[in-house]
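Got chain V sorted already, so can you dock chains C, S, D, W and B with the ligands onto it with the hints?
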Amino acid sequence: MLPEISRSVIKNSLLLALFAAVTVAVVAITQQSTESRIATEERAAQIRALGEILPAHSYDNALLDSVIYLNESLLGHRTDTPTYIASVEGQPAAVILQANAADGYSGTISLLIGIMADGTLSGVRVIHHKETPGLGDRIELAKSQWIKSFDGKSLNNPEERGWAVKKDQGDFDQFAGATITPRAVVTAVHKALQYFDQNHAQLFAHLKTTEVSQ
Amino acid sequence: MSELLLILVSAILVNNFVLVQFLGLCPFMGVSKKVETAIGLSLATTFVLTLASICSYLVQQYILKPFDLEFLRTISFILVIAVVVQFTEMVVNKTSPMLYRVLGIFLPLITTNCIVLGVALLNANRSEYTFIQASVNGFAAGIGFSLVLVLFAAMRERIAIADVPKPFQGAAIGMLTAGLMSLAFMGFSGLIKL
Amino acid sequence: MTLPRITSPHAKGANRTQRVMLLVMAAAVPGILVLSYFFGIGPLLNITLACSFALLFEAAILALRQRPVAFFLKDGSVLVTGLLLALALPPYSPWWLIAVASGFAVVFGKQLFGGLGQNPFNPAMLGYVVVLISFPVEMTAWPAAHSIDVAAGLQYVFFGQALPDGWSQATVLDSLKTNSNLTLQELWDSNPAFGLFAGYSSEWVNLSFLLGGLFLLRKKLFSWHAPVGMLAALFIMSLVFWNGSGSDSHGSPLFHLLSGATMLGAFFIVTDPVSSATSVQGRLIFGVGVGILVYIIRAWGGYPDGVAFAILLMNLCAPTIDYFTRPRTYGHQTAKRGFKTGE
Amino acid sequence: MNPSFRDITINGLWKNNPGLVQLLGLCPLLGTSNSTVNALGLGIATALVLICSNAAVSLIRNAVTNAVRLPVFVMIIAALTTCIELLMQAFTYELFQILGIFIPLITTNCVILGRAEAFAAKNSIARSSYDGLMMGLGFTLVLVAIGATRELLGTGMLFTNMHLLFGSIAEHWQVVVFEDYKGFLLAILPPGAFLVLGLLIALKNWIDQYYAEHIASTAEVTAPAVSRRVRVTGVVD
Amino acid sequence: MSMVFIAVTALVLLSLVFGAILGFAAVRFRVEGNPIAEQINALLPQTQCGQCGYPGCKPYAEAIASGEKINKCPPGGEATIQALAELLDVEPEPLDAVEGEKPQMVAFIREAECIGCTKCIQACPVDAILGAAKQMHTVIVSECTGCDLCVEPCPVDCIDMIPVAGTLQSWKWEHPLPPGTLIATDREALK
Amino acid sequence: MNIWPIHPLRGGVHPPECKTLSNQQPIQTAPLAKQLIVPLLQHLGCSTQALVSVGDDVLKGQLIADSKHFISAAVHAPSSGTVSFIGPQPYPHTSGQLLDAIVIDTDGLDRWCPLEPLANFKEATAAELLEKIRQAGISGLGGAGFPTVVKLSPKADQSIKTLIINGTECEPYITADDVLMREKATQLMLGIDILVHILQPENVLIAIEDNKPEALACVRSALQQRNYYVVAVPTIYPSGGERQLIQILTGKEVPAAQLPAQLGILCQNVGTVVAVHDAIIEGKPLISRITTLTGQALRTPMNVECLVGTPVLELLEFAGLQQAKMSRLIAGGPMMGFTLNALSAPIIKTSNCLLAATAEELPAPPPAMPCIRCGDCAEVCPANLLPQQLHFYALGDDHPQLQAHNLFDCIECGACAYVCPSSIPLVQYYRAAKADIRELEQKQVKSEHAKERFEFRQERLRLEEERKEAERQARAERLAKTKADQAKKAAQAEAAGQQASTADDDVKRLKIAASMAQVALRKAEKQLETHNTEELKSQIEQLRITAEQAKQALAAINAAAPTPAPSKPVDDDLKRLKIAASMAQVTLRKAEKQLATHNTEELQTQVEQLRVNAEQAKHALDAATAAAPTAVEAAGVTEKAAKPELSAAEQALKKAKIEVAMKRAALRKAERAEADAESLAALQTELTQAEQSLAELN
Ligand SMILES: Cc1cc2nc3c(=O)[nH]c(=O)nc-3n(C[C@H](O)[C@H](O)[C@H](O)COP(=O)(O)O)c2cc1C
Ligand SMILES: Cc1cc2nc3c(=O)[nH]c(=O)nc-3n(C[C@H](O)[C@H](O)[C@H](O)COP(=O)(O)O)c2cc1C
Ligand SMILES: Cc1cc2nc3c(=O)[nH]c(=O)nc-3n(C[C@H](O)[C@H](O)[C@H](O)COP(=O)(O)O)c2cc1C
Ligand SMILES: Cc1cc2nc3c(=O)[nH]c(=O)nc-3n(C[C@H](O)[C@H](O)[C@H](O)CO)c2cc1C
Ligand code: SF4
Ligand code: SF4
Ligand code: SF4
Ligand code: SF4
Ligand code: FES
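Residue numbers (the working numbering), protein chains in the order written: chain V, 42 to 255; chain C, 92 to 285; chain S, 247 to 589; chain D, 168 to 404; chain W, 27 to 217; chain B, 7 to 704.
Read the hints as simulated data drawn from the structure, not as lab findings.
Check the hints yourself; a few may be wrong.
As the list claims (entries may be wrong) - Straight line, CA to CA, 27 Å or less: simulated DSS-like cross-link-like pairs of lysine-lysine:
1) C:K124 <-> W:K95
2) S:K586 <-> C:K125
3) D:K289 <-> V:K52
4) W:K98 <-> C:K125
5) B:K331 <-> S:K586
6) V:K207 <-> D:K349
7) V:K207 <-> V:K184
8) V:K189 <-> D:K349
9) W:K95 <-> B:K452
10) D:K289 <-> W:K95
11) W:K98 <-> D:K182
12) B:K331 <-> S:K258
13) W:K145 <-> W:K128
So here's chain V without its partners, still in its complex pose (with noise of 0.2 Å):
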């Protein structure tokens, strides 16, 4: 019986090894011949992506790396989440912020914020959330363009008390049948625009230091 045990450990053990070695072989040569473009198409969509609040004209500095790590409870950060700082010439042009609105109907919806410089809006869009569809989900590009109406609005522009949805006697409309989920956006947006107001000088404060270091 000992025997046959040991030897049928034997052959299956080196029958498994023999194909692992063969099919794991294929796979590590794929992936180290596949590597490099990967990373680029990975780095592009990410760009693309970036692109869509803040023109490729608007910077020259290499966005992707040019990045900073923040957890602002107003913000509604719960990890430490990447922030894109952009520069033209070394001089700060913009920031992209992602902040998260706890408040949404059904769950967190995540923002990415393109904040210029001067304080107005590049763009938003939402990366992430989980409203009802058909209801909350018109705060997505594809559903709808009203993500677009934060294009060129400021701290100041409308008021404070314009930075709330129609119902609530603000300027932003929201959908029919479907109040929380534009309130929730709006008011993050707003808390973005407000962390900028008082932070920027510490966010630009980076590219300071990253220049030096360069």
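Only chains C, S, D, W and B with the ligands this time, still in chain V's reference frame:
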């Protein structure tokens, strides 16, 4: 503790792996004609799921991550799963021929039950999961799978003796029923706000 | 002479399925009247449209299935389905919405499973849920009580013209769900529509359905187990999780009993014999399950009211419940329970 | 014993279609069929893996022992899947992002292992690859049919975002079928996937049934089959 | 290249371990025989008539266990197919037989014509025929399975297969029509 | 008067009673029918055999059919006359099938056979009384018609503590027991006294529904000093069902698949008790009963005392049948009765009612609608079943589920179908499903049996083949030997003799081998008991197999040896001719058949030839028969005489064979189940014994 509870509720009800995340559907449709067999498969799957979650977590943490081999995730996880399943199969075959008769053809299918690999991969994607959390997630996925499978099987037994129109008999009405189950499970959406 | 061969019993009681269905519809009359008092002809419009569409779909499918059409239409069950669906939809629902809802109810909810008596899910609730998740905009447009402009309503129903401002209003359950900063007192003060405990119109509508339900109970159309189970469970859940009247309140027990579709659900829908559990004990469990799920969905879930989902979810459990609630047969020490069929 | 190529074709595309008849590979079938482009992307990826894995399994079919058969097969499949995954990542990055976990899950697509066990392990390479092709095609067709139906019902449009797969030439392939469509959300939500597949299966059954009846009524009465009686009890002298 | 090397080494080690485990299990937990065939055999009617194309029920059972269709046993009929489908968890199929399902039969030897050749005795798989050479033979009715294997070998064609007669005790109520299926008179009555 | 506490019945319904139709007038006597049809089976149990033959004259009360079987009831002539026919006759059964009966043409004289009344039954022993009840052919008059003596015979481990006299008569329409209690209360009391004397119960309960005040009053007044309880039970159907009545009266439930005797309870119908009285006190067998004739298709509904065997039509006409109005004829009540479609069927011992209903009274059932699971049926089911589930599973032929839902506890009372709003013929579903399940079970048993026989045969054939092979070799050797010996021994007769003895030797040798193997096996087994090792086990296995083989070889050789047939003075020539003739006939027929398909010249001539051959053979045969008619006759007679003997021997042989096979199977099973050595040994010895007896028979 509450973290684990959330994982449980999420995996079983809100984001049920079968009805909402579309994992493990083949056995869900294939082994739900009789409750007794469904229970057998549930037990086996839950067992394999938990074990596979644990093993793949270990592989991920102690082999793939340290050596930067994360592209080998799929291949190594599936290897782990296949071995766990095959081993279970042999043991069941020897120790309980009755159970083997019930599960025989489906034990190998657990290997290709997406839910097992799916949970392992999702666990790996959630890099913040601890060992306990990963195992609980695997276990909860198994419970969620078992729950809907058993409910579905009992329901299909009832439908089997109903006067269903001819073209719909069998798989088609099963699929529609699963759709309506999934519809009912949408009632749980929003229960967990993360 | 040839005499027929017929099995015993040769005598036959007087009860008939048609009568059962007619009684259910009759019992809904007080509720319909109260709804019409608040929302004008909206509910009636809903009922007419839903019943017609339901009849139409039923007849079409029966004909396709080559079943006797008139025979089955006469049983009246499809009218009950249409009626209950209509009562669940917001008054003045667009005609196409009603068509989709009743189509789903009758075709997917009932006929594809073999027709009367064989559907595992409650058809009316199925139709309701399908349109609820497909057309949330229309489904959240509940008109405000008494402020009905009938002409505008008709235009909206049939021609899809936009609703005038102030026409629709969040229901009380909605408001409670979306409320984030007012205490209950403030919430109630802020709006006359909130009524005494559960919404001005809601309270009366629920009480009128309760009345109809008690009538059915008296007529022995169903046993008390399912409705009482559901109401008791809802009451207990809302009492246990009653977290005061702050801005994060889940609402008082009385609020839950008299708002939303509670009474309609408890007496007209949970009692649907077809899709519920079989034994008396099973029906009690079924009702309790619905009550608990209604509260969970109302308090913590994404939907303001959970009656429809709770019922579908318990429909899902009904066959399993049946396995565990077989009664003890005469002459047996214990009941045979559980999934095992063999000895 | 060897099935003809014609049989393989008919089996893969219709008679034994993995999606409609074998009911295998349901997870991607339902999970990624909410739009045509997703469906097509995953379908192609799956078909590729299927062809290669069938060929590979057929190649090594005589070299493995029973004990490690399953692990070896899945390892081959997993390796192929990973290669496809890496390639997709390199060339159709965004689609890869959308399809997410379903790409690595091709590994556990029951169709693939099912074909490996049921066909490739018993047949020649040519037949196995062809079977892979046909099964893959059948699977992709069903996937695309569901995807298109759901997209159409859910949004009133077809072929949205095809550029994710075909690059910029496909930017304008989008077709708006219903103007001013409300959008039947159920179709693109999870329940819709089950319902559409259920209806598709019923449709296939109905067609089969119709043809069976049709053929039965036209076909001539065939000669009665010869009894295949066998002598049961041995010794008769 | 080192990456490839590491990858291969890691997985090879892993598979060596797993292969060893499986190899061990393959021997340690080996099972002999095929229990499923026994269970299938228990469901077959044991008529041993060979109409399934196999020499007896047991061989057919073994064939089913290794993938043969379950619808080839005419004596078993729909009931057996149903039971097999249940056991194997497959869809039941309609009976595949030339004549379809037959009523229960029993062999009857017209004794006056029997020449006592014993050919039928040799053919009967269950020893249901009594008799010795050159003497009249009779069928033990309670043992006869109705397989009709004895009919063909009889040189003087003196064996008839007759349907088993129904008795008052074996009479049964037919199943009622399923609800909702109307018979002609019902349609009349409804008008 | 004592009050007996009662308990509620679970479920039940209360259909319109319609009893006043027939209970308004006293019991009438039905006119004597010209022909009485007396079925041989009127009870539950084994059929009887006729003791008279056609043409016999019988007297009223004369025993005309009986059975040796315990569970059976004798049949007596209901009136005097002549037996005119014995064979299939109409029978009161739904199927309308015929059943063997004795037809008596009455002579109108009603002459009794001598009776043996026993006025003072108290002096008789229980056994004597039971014997008299048995001879009187009494079977239950209240329901299933179970032979009363069986119910009354005490079982070793049970004693009857409570005797229930069932006078509930819960079915609508029926009033037979009602009027019986009113008019024969004294006889009823005496009958009860007899039962009490036999059974010595602690309590006697006479249960009567409270809708029969007159019957209650009569019974109460007939009670006198007796300490029996007369219990008025609430009117609800089916309170009269044995199990339900027991629940009402005692609060206990009869365990499923067991008899009330398990609880020390015995239940008898009032009519049965009166029949007992008549049998003991007056010596009269059970030849008549009280039957209710009712329904609106009768002009004068009534109760009649009628003779068993009276055709239904005559009774109905006595009650003024309006055939045109009758839409349904029911034997029994509207809840449990069954429809009759032949008016020529006779009244039997269990016929308590004939209900000739009009279409208005009992309208045709409306077409069934689907079940809506309303649960009304479950509410009224006295057995606490789930009728709707049973119905669904019956629809789907799901036998395991039906059994899990206790289908066989359904008493077919029909309460569920009565209340069902969808008018589903629930009871028919249950009956059909029950019959299916029983049939399948029987099939299963049969196939199990067939399998054993088949396997046994296969084994036998295999051994035979082996033996033949061995013999062939031996013969070859022997041939060589004889050739060598030929020089020395010349006589051929000697060689033949030797051969004969070798056959005998063969058997002997095998016998020895078998017993040797057996001994070795037993030894080894004993050893195994003390030293249980792997090695020994396998050794024993080996031994067992050899023993088995030896035994089987022996059995086979024995079976193969021709059974000694009684030598017959058959004209050999004749027989041969007969065979030749039939062979020729057969070849001819076959050739003709062939001709029909392939019509060629050649074949035709061939057939012609064959035909001539056959003709010739036939002629020869004819001639031979003509020449020796007496021989043939003699042969025929002897054959006839020989046959039963032969078959008896064969039967015994067959039995023995089966026994051996069964024992072998049991042993194999036990071995497989790894039973302990002891029981294995026991089985083994049993097997050997069986085999020995088989060998002896051979
Ligand atoms: C099924 C359902 C889903 C909903 N989903 C959302 C949502 O995604 N976003 C949202 O703001 N409100 C959602 N609501 C909330 C209601 O539409 C709510 O009435 C509205 O947000 C606030 O009411 P108002 O617009 O009348 O102020 C949902 C309600 C229902 C019934
Ligand atoms: C199949 C069967 C077997 C029975 N065997 C016995 C028995 O052995 N001893 C006995 O005292 N009664 C026996 N009975 C009689 C029952 O106890 C009962 O009294 C009888 O069935 C009459 O019941 P009913 O008319 O309700 O149907 C038997 C009845 C049936 C149906
Ligand atoms: C549903 C049902 C109703 C019955 N009703 C009566 C009844 O009313 N009176 C009666 O004597 N027996 C009735 N029986 C028969 C009894 O169960 C029982 O068999 C009988 O009383 C036994 O007595 P026997 O052996 O003397 O006939 C009924 C049986 C059933 C199943
Ligand atoms: C008490 C009672 C309640 C019912 N409730 C419903 C219901 O909620 N929804 C519905 O579609 N049909 C209802 N019906 C009607 C009927 O049962 C239903 O159409 C079947 O589910 C269709 O098979 C009800 C019937 C009764 C008797
Ligand atoms: S056809 Fe059926 S009964 Fe006949 S040998 Fe085959 S399996 Fe046995
Ligand atoms: S007697 Fe004839 S029909 Fe009956 S079992 Fe034997 S061979 Fe078969
Ligand atoms: S009474 Fe009839 S309809 Fe009601 S549950 Fe019973 S069987 Fe079904
Ligand atoms: S017939 Fe059977 S199921 Fe129906 S009520 Fe009577 S006992 Fe219950
Ligand atoms: S594809 Fe089969 S289980 Fe997922």
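Here is how each hint holds up against the structure:
1. C:K124 <-> W:K95: With Cα atoms ~20 Å apart, K124 (chain C) and K95 (chain W) stay inside 27 Å; holds.
2. S:K586 <-> C:K125: Measuring from Cα to Cα gives roughly 10 Å; hence the hint holds.
3. D:K289 <-> V:K52: Holds, at about 23 Å.
4. W:K98 <-> C:K125: holds, 24 Å
5. B:K331 <-> S:K586: Not satisfied, since the Cα-Cα distance of roughly 52 Å exceeds 27 Å.
6. V:K207 <-> D:K349: holds, 24 Å
7. V:K207 <-> V:K184: holds, 20 Å
8. V:K189 <-> D:K349: Holds: K189 (chain V) and K349 (chain D) sit about 22 Å apart, inside 27 Å.
9. W:K95 <-> B:K452: holds, 24 Å
10. D:K289 <-> W:K95: holds, 20 Å
11. W:K98 <-> D:K182: holds, 22 Å
12. B:K331 <-> S:K258: Status holds; Cα separation ~20 Å.
13. W:K145 <-> W:K128: holds, 25 Å
Of the numbered hints listed earlier, the single one contradicted by the structure is hint 5.
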